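Go by the hints and put chain B onto chain A.
Residues per chain, in single letters:
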Amino acid sequence: MEDNLEQYSFDFHGQDPTIVAESRDELKITLGEFAGPLDLLLYLIKKEQANIFDIPVAKITNQYVLYIKLMKKLDIAVAADFLVMAATLIEIKSKMLLPREPSEELGEDIEDPRQELVDRLLEYERYKSAAQMLYERTTVEQAIFQRGKIDTDENNAEINASVFDLLNVFQKIVARHKDEVQMEIHREEISLADMLKNLKRRLLEFKELSVLAFFEEMHTKRELVTAFVAVLEIARTEGIRLTQSSTFGDIILRAS
Amino acid sequence: METEFETAEEKTLRSPGELVAVVEALIFVSDEPIPVKLLSEVLDEDRESIAAALETLRDEYENRESGLQIREIAGGFQIATRTELHEDVRKFLKTRPSAKLSLASLETLAVIAYKQPVTVPEILEIRGVQSASAIKTLLEKRLIVTKGHKETVGRPMQYGTSKDFLIQFGLNDLSELPSIEDFEDLVA
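Respectively, the protein sequence lines represent chains A and B.
Numbered per the working numbering, the first sequence finishes at 490, counting up by one with no gaps.
Numbered per the working numbering, the second sequence finishes at 194, counting up by one with no gaps.
One or more hints might be untrue.
Straight-line alpha carbon distances no greater than 16 Å define the calculated EDC-like cross-link-like pairs of lysine to aspartate or glutamate that follow [stated by the list, open to error]:
#: 1; chain 1: A; residue 1: Lys293; chain 2: A; residue 2: Glu282
#: 2; chain 1: B; residue 1: Lys121; chain 2: A; residue 2: Glu359
#: 3; chain 1: A; residue 1: Lys383; chain 2: B; residue 2: Glu190
#: 4; chain 1: B; residue 1: Lys106; chain 2: A; residue 2: Glu375
In short, the hints are calculated from the structure, not lab data.
Since the structure is predicted, the reported quantities are computational estimates derived from the model, not experimental observations.
Chain A extracted, bound-state conformation (with noise of 0.2 Å):
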C-alpha cells in the first residue's frame, strides 16, 4: 500500500531539492540543507513551535520518521547517521509512553528520557552557531585583499638547479676518481634505503647539504651511483630544493 505523501508538505529550508557533488565518487541529492540529523531535528522543533525544554516526543519522532520515508521514496541514500536518530527517538518514545515506575528512595529525580537528547540538542546549537559566525568572518576576511606575489628566489625558475646539473656535478666526481687505484675491500654495500635516510637525517641536523660533499664521501662508483639516485629520489618524494649559485658550481640541497 502507498503511503499518502501528497499529505505531506515539508518546507525544505525554503530551497528546492538539488543534486550535490559531495565528492568526487558521490551526487547526492538534498532536500534542503541539513547538516546532520540534530540539525533536522531542531528544525522540525522549530517548525512545531514546540519547546526544547520539553520536546512532544511522538510528534517530532513522526515527523522525522516521515522524512526519512520520503528520502527513500524519492530514492535517496539516507546515511547512516540519520538512521541511527530515528532509533533512538523510536526508543524515546516507547520510554515516555511506559508508566514510570515510583522509585525505590522517595524524593529521587527520574530521569527524564529525553535528557540526554535535550542536553546533545543544546551543544549542537552552540556549535551551529559558532559555524555561523565563522561563515561571517570568512564574508569580512574576503574583503581585505594583500599585495600580489613578489620575485624572490623561492619561486624564480632560474635559480633551481636542474637535473642536468646535477649530472654535471656527478660527473666531474666521477672522472675526478678515475684515476684512483681502487682497492677491492669487501664492505657492506649500502642500500638506496639506508642512503635516503642517511641523507634525510643530515638535512633534518643541519638544514643545508653541498651535493660536492655527499658525493665526495663515497668510496664505491655503485655507493655514488646510489647517492645520485637517493639525491634524485628526496627531491622529488619530499619536496627538497636543489639550489646552485653559480654556473657549474655546487649544488645545495635545502630542506623546504
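The following block gives chain B in isolation, referenced to the frame of chain A:
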C-alpha cells in the same frame, strides 16, 4: 691583511623615523604576517622599539585615511587593503569571492576550533554525523592539521586548527574567537 676599519661589526643606528620606514618596508615585502620577534632579530633592534615603530605606523595609516591598513593577524603584522574598498579592488583584480565552505565543513571546523585537540569520535558526538569528508576538505584547504594521537584505546588521531585558519578568518590568535558560551540557545 689589516684594514683601516674595525673588524667588529658596527651597529647601524637608526632614528625612530628610519625604523618606522624600514619596518613598513619589511611588512610590505613579507609573504606572511611578520611577528615582532622576527623584525627585532632581522633589524637588530629591541622589541620595545619595534613595538613603538608599529604603533606609529598604524597611527600614520589611520590618520591619513590610507587605503591600506596594518593588521595584527596570526601573531604577526600585515599590510592589507581597507575593507570598505573591496568592491573597487575586486573589480580591478577581476576576482570573485572564493568558494565558501559547506555547512558541514563549517560546523566541523567550529568544533575543531573550540575543542582542539579533538578526535573524530568526539566530533561525531557533537555533530551527530560522520565528518570524514568535511575533515578531508578542511585538511586539503590547510585549515586544520593533525595534532598527534590521543592516548586512549585505539590511539585516535587528533585535530586542531592551523596558522592558515587564523589568517583566513582574520584572527590574531585563538583567544579572539568569541567564547562558545556566548552562543546561547536560540530555540527556547
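Going through the numbered hints above, which ones does this structure break? Give me the numbers in ascending order. Hint 3 alone not satisfied by this model.
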